[in-house]
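If you're matching them up, the sequences are chains Z and A in order. Converting from the first sequence to this note's numbering requires adding 9 to each position, the first position being numbered 1. Converting from the second sequence to this note's numbering requires adding 1159 to each position, the first position being numbered 1.
Hint data in this document are derived by calculation from the structure and do not stem from the laboratory. Some clues are possibly wrong.
Which chain A residues face chain Z? A few, computed with CB under 7 Å, are given here [what the hints assert, rightly or not]: (1) Phe1208; (2) Pro1519; (3) Asp1789; (4) Glu1790; (5) Cys1793; (6) Val1794; (7) Ala1802; (8) Pro1901; (9) Ala1931; (10) Thr1938.
Derived coverage of chain Z by chain A (criterion: at least 3 residues anywhere in the stretch with Cβ under 8 Å from a Cβ of chain A; other residues may be distant) [claimed, not checked]: (11) 83 to 97; (12) 104 to 117; (13) 146 to 160; (14) 180 to 193.
Using 30 Å as the maximum straight-line C-alpha spacing, the simulated DSBU-like pairs for lysine-lysine come out as follows [to be verified]: (15) A:Lys1259 <-> A:Lys1163; (16) A:Lys1389 <-> Z:Lys74; (17) A:Lys1642 <-> A:Lys1505; (18) A:Lys1505 <-> Z:Lys81; (19) A:Lys1668 <-> A:Lys1652; (20) A:Lys1642 <-> A:Lys1739.
All residues carry an ideal CB built from backbone N, CA and C; glycine is no exception.
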Amino acid sequence: MYQSFLSYARARYFWVALFLVVISVVIYSMQSSVTPRNGGTWLGFTLGTIGLLVIGWLTYFGVRKRRYRASKTQVEGWLSAHVYLGSSLLILATLHTGGEIGWNIHTAAYVLMILVIFSGFYGVYVYRRYPMVIAQNRGGQSREMYLQQLAAVDTDLRRTVGAAGPRVRDAVLSAIDRTAIGAGSIDLLRGRDLSLAEIPDAGGAGPKPNPGQTRIIAYLSEQLASSPGGKDAEILQNLVNQYARRKALLDVIARDVRLQWKMRFWLFLHVPLTFALWGALLGHALSVFFYW
Amino acid sequence: MRFKVAIVGSGPGGLSAAAHAAELGVSHILLEGAAAHANTIQRYQKGKFVMAEPGYLPLRSPIEFREGKREELLSWWLDGLNKYKVNVRYGSEVTRIKGKQGEFALTLANGETVEAEFIVLGIGVQGNPRRVEAPGAAVPWIEYTLDDPDAFKDETIIVIGAGDAAIENALALSKQNRVIIVNRQDQFARAKEGNLRGILKAIDDGNVECLYSANVARVEPATVAGKSGKVVFKTPSGETDVDCNRVIARLGAVPPRKFVESCGVTFPSPEANALPELDAQYQSSVPGLYVIGALAGYPLIKQAMNQGYEVIEYMLGRPVKPADNDLLQERLNVLPVKLDVEPCLKLLRERVPMFGELNPLLLRELVLESEIKSIPAGTTVYREGDYSTSFFTIVDGEVNVAAQASGISYPVRRGGFFGEGSLLSGRRRTTTVTTTQPSILFETPGRTMFKLMSSIASVKDGINFISATRALKERFVPGVAEKDLRAVAARAKLKSFTRGATIYKEGDKGEEIFLIRRGTVAIARARDGKDSVVRLVAAGQYVGESALLRIVSRTETARAAVDVDAIVLDRDGFLELVRKDPQLVKRVQGDLQQRAAVEASLQADPRKAEVLDFMLGAGLGEATNALLIDESLCVGCNNCEIACASTHNGVSRLNRAAGPSFSTVHVPTVCRHCETPHCMKDCPANAISRSKDGAVFINQETCIGCERCKNNCPYGAIKMSVPQIKQTGLWSWLLFGAGNAPGQGGYPKGGGEIKKKAVKCDLCEGQSGGPACVRSCPTGAALRFGPSRFTEML
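Build the full structure now, drawing on both the sequences and the hints.
Shown next as structure tokens:
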């Protein structure tokens, strides 16, 4: 049955990682107290080698997940191991440093590794939490279906607004045309909506911000309230109703786009940081041999 | 004018007969009512692909024929007519035939008379098209054929008719025109499933307008400029009219039987589809008058062309063996007796009661389509759990049928058959069959058996009866011999329920027990005023056991989750079974206990019942292997789709984001390998088959790209695709950016016409480790299930 990658095969790789940590602690404690504890000793070198191998294996995940014909193992198992073994590095590599921290390439490699691991932790968090939030937000429909409904509502709105006065019409059409779904990566994370609308009598030139379509709905409601009634009021009432429906759809879509991005952006840190880590790691290893 | 032979009708049969007569220098005339040869084929839609079935049959005709487009066929045939200088007269409808062998007189529509010693009738069964009978309807813009739907643009076109021809025309025309389809009934009852779905969708989407229950009242001059005329329709809500550019009327045809009877040819029965009485040489009850082709009961082009050749030979008194003779001989050579085809077929008839029921033509077809196997004792024919739907007949020897699950074991001897269970249910084999003596078996593919069963009632009844007997034995009384169950089986009835139909309702009175032969039944109980599904019952299981418990009213509602066939046994029949094996009561009680446990878990959690309901609504009841995605785990990375494409030459057969969802269950658009696959029903090339492991797959070599499977699939799981290029190696892409990214396709290099073929999920057949979509899901959100595990999944 369905099983999260954290509990894959009864969390087998958690135990493997734990074993690795225990071994590392044992190696660390075997260190005689005469020489300073750091990566330069034979035991430190052993820990470093294990760490390097683990990092290499973890990086290979990017290749393995694209090996679609590989059939002996499941990608889910690899991810499970990736998460647990990656976490174990936190202790393993810290023991390897022996607590020697400074402004040098060795510490740079260590810090980069910590960043990679913590970006990964964030990834685990969003992968476990967001799918459910996204599914609940969409309520059984795909984004495609929402976009289709939005297109239908837009068509209706354009038809309805044709009968309204020119100022209302221009306002609504501008609001439709300048609706922004999605934004740049930072704006998405901050949840900013860059939608605009031309609101008459709002002071100043140019379109006004219309986040969540609130500005245009407020404008339409005002117009409705100050309308003398009759045919005009009926059209405005219709517009408010249809626009409310439009807002509801847009809210779901915008939230979906935002959530999807939040679930994914961490990879844009995790992967480049990994390559930076490899740069630092090579420098670290070479320089260590040079000094040796 | 007097000829040796007059051939009426220039269809495939007539053409071939005339060409052969011309080739032999026999004086002849070919009379065709229409203005061109092969009128039926001329009426096919432009570019229609015509098959050359049956593939095993060699062509025996001076005229060329193989599968190809309508236009190619017509030009080959015209070339043939010219090459042999066939004496053909077009526009010469024969209205009357008088006389006898040696002195026939044929009267033509223009009053002329043609005399001939022999006559070959090859006029087909299409007949002349039914015309629009209304005042003013005799205008040139009311047409009865549609040659090229793309030739019309931005016109208003009325299509009259509700059959496949009308629907296909309307759909093709609607791409560039305003189309109104006029149906004289209130629904499209006669159309094929794929066409029906197509037209209903087009009407829904507004691409085609539809007038139901409408008849042409009269035709008047146009009231709008630029139109050809106005058609006035009578509808239940009064008259309505449409100005249009043209009318395409596809109203079927007047059958030619009356004319044939007027020639003196007798028919054995008044039934509409009865065939004329003919001897083995196609000669009718009128000596010297031969009937060939569809009118003689041979609807395929190749058969008709072969008969055209043969009939001329027979007429000249030269014996020829039927075209399939050598093939049959080859097949029959596997048998230990070395006999010619005819005596050998006779022997088979005597040995195997079922074969005795077949007419000579169908028996020949069965032999040709079957694989004849001679196997030693102790060989396993198939195993419990295998997927295969072929049907086995024992010509010699004996087999033992056994099942671990039910503990049954019984012999089947010479003349008997086995394998009917999976044939009828579409499910895995429930028994293992092993030969106990050296045996000769006929293995017949499912599609051939279905054809036989629908043609010959006694074969169908025989198979149904034996299947019911064995099903009762297997399910209820394994210890009782088959022959002791015949009386009970004879009481049982076979009932079919279409998807969604109610088998019985909670509170109904009823004492019948339903043993499900095919499909899945959903059991529901009323809860808060609405039905909620508590259990799914698969083929091989039974519902309605209250008969045993003496509960008079049903305590649950049973509905067909998909199309269901059930063996229905009344209370007395069931008690008869109990008398034969008193232990049955205990076993049924055991089943009840198990069921109650499943139901309790579902009833305790109404959400589960809702999800189950949703899954049935999504058509999963007929799935054998469906991909379901747990949305609480899916991160939308699309690795499943990329994996699918990457392992299938760049074309994904899976659309993850599409498809319905409910709660956290998502049903993506991909093949679910139905029990009785819709796609397989109507494949003209027989390119779709089911592997032993259950994967329904399309053979890319034999697929002709006709799109029928795509149209017949209710789940949109089949798509048309060009042959794809080889995938780039991962490292060269990863390091050097060479070629396409994994899972990205592209067109093959080189020009020429690229024919699209149907592709679909094949469960990664031939790759180890199971489907790539599941293997490559990083979060464990994608799993594949069979219906028996649906409830487990909840």
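Hints, verified against the model:
The interface hint given for Phe1208 (chain A) is broken, as the beta carbon of that residue sits about 33 Å from the closest beta carbon of chain Z, more than 7 Å. Checking Pro1519 (chain A) against chain Z: minimum C-beta separation of about 51 Å lies over 7 Å; hint violated. Checking Asp1789 (chain A) against chain Z: minimum C-beta separation of about 4 Å stays under 7 Å; hint holds. For Glu1790 (chain A), the suggested interface contact is upheld, since its CB lies about 4 Å from the closest CB of chain Z, less than 7 Å.
Interface hint at Cys1793 (chain A): satisfied, since its Cβ lies 5 Å from the closest Cβ of chain Z, which is below the 7 Å cut-off. Interface hint at Val1794 (chain A): satisfied, since its Cβ lies 5 Å from the closest Cβ of chain Z, which is below the 7 Å cut-off. For Ala1802 (chain A), the suggested interface contact is upheld, since its CB lies about 4 Å from the closest CB of chain Z, less than 7 Å. With a cut of 7 Å, the hint placing Pro1901 (chain A) at the interface with chain Z holds, because the nearest CB-to-CB distance is about 5 Å.
Residue-level restraint check for Ala1931 (chain A) holds (minimum Cβ-Cβ distance to chain Z is 5 Å; threshold 7 Å). Contact between Thr1938 (chain A) and chain Z, as hinted, is supported at the beta carbon level, the nearest pair being about 5 Å apart and thus within 7 Å. Only when three residues or more bring their CB closer than 8 Å to a CB of chain A does the claim for the segment 83 to 97 of chain Z stand; here the count is 5, and the claim holds. Residues of the segment 104 to 117 of chain Z with a Cβ under 8 Å from some Cβ of chain A number 0, which does not satisfy the need for three, so the listed coverage is violated.
Counting residues of the segment 146 to 160 of chain Z whose CB lies closer than 8 Å to any CB of chain A gives 6, so the stated coverage by that chain holds, three being the minimum. With a threshold of 8 Å between beta carbons, the proposed coverage of the segment 180 to 193 of chain Z by chain A is violated, since 0 of its residues qualify and at least three are required. As the CA atoms of Lys1259 (chain A) and Lys1163 (chain A) are separated by approximately 13 Å, the hinted pair is consistent with the 30 Å bound. With a C-alpha separation of about 65 Å, the suggested pairing of Lys1389 (chain A) with Lys74 (chain Z) is violated against the 30 Å cut-off.
Between the alpha carbons of Lys1642 (chain A) and Lys1505 (chain A) the distance comes to roughly 28 Å, so the proposed pair stays at or under 30 Å and holds. A C-alpha spacing of about 55 Å is found between Lys1505 (chain A) and Lys81 (chain Z), which places the hinted pair above 30 Å, so the restraint is violated. A hinted pair counts as satisfied when its Cα atoms are at most 30 Å apart, and Lys1668 (chain A) with Lys1652 (chain A) qualifies at roughly 18 Å. For the hint linking Lys1642 (chain A) to Lys1739 (chain A), the alpha-carbon distance of about 12 Å falls within 30 Å, and the restraint holds.
The structure is inconsistent with the numbered hints 1, 2, 12, 14, 16, 18, although it conforms to all the rest.
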